[in-house]
Amino acid sequence: KQEVTQIPAALSVPEGENLVLNCSFTDSAIYNLQWFRQDPGKGLTSLLLIQSSQREQTSGRLNASLDKSSGRSTLYIAASQPGDSATYLCAVGEEYGNKLVFGAGTILRVKS
Amino acid sequence: ETGVTQTPRHLVMGMTNKKSLKCEQHLGHNAMYWYKQSAKKPLELMFVYSLEERVENNSVPSRFSPECPNSSHLFLHLHTLQPEDSALYLCASSLGLRVINEQFFGPGTRLTVL
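From first to last, the protein sequence lines stand for chains A and B. So the first sequence is residues 919 to 1030, counted in our numbering. So the second sequence is residues 923 to 1036, counted in our numbering.
Everything labelled a hint here was simulated from the structure, so no lab data went into it. This structure is a prediction, so every number in the text was calculated from the model and none was measured. Heads up, some of the hints might be wrong.
To be verified - With a cut-off of at most 25 angstroms between alpha-carbon atoms, the simulated SDA-like pairs for lysine to any residue come out as follows: (1) 958/B - 957/A; (2) 963/B - 1028/A; (3) 962/B - 971/A; (4) 1017/A - 937/B.
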């Protein structure tokens, strides 16, 4: 059974700092990996989608990498801003089963 | 806005009530999903519909009853719920069923069961 773990569970940083969020998964048979952002009490907003054949994706200040063989992904946020404060979720698309399996998330707080 | 709307946004109900959650997508997608998000736990997939047919039921108690009358609308009928069912219920849709298709999420319904 696929399990997705996100570390750390919570993170508090001063504005302007570069930071890394980690995601690991137990079964490397994945189609893709997706990073989402969730604001308190709100739905999920997709940030980056990495296909299993790709190594990384970039969007603005965000960069996500994927190492499928080791079961790891990182989300790098450059020059963090208070508006980046949210919960960040990692989800893997299972190759067999056609499901997204989510991690529990990392709660990020960027202090001004 | 993701093109997926959910109503109501907040719902408080007693254990003997019957209520329904509604989801509507304006994206022309063919697959729709219900997820449950409890505090400090990962999102749990509850139901999957493809072209109005249920294709997945993840061992969800029968007090949750989904309905998909057409590809744009999805309901979750609630009956005789328990306090542990209090959670954020998220609806999502995708162009097709396979995970290569990106899922778009609604804002969720915050459910409190007293």
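Status of each hint after checking the structure:
1. 958/B - 957/A: Distance ~16 angstroms between residue 958/B and residue 957/A Cα, so the pair holds.
2. 963/B - 1028/A: Measuring from Cα to Cα gives roughly 23 angstroms; hence the hint holds.
3. 962/B - 971/A: violated (31 angstroms)
4. 1017/A - 937/B: violated (31 angstroms)
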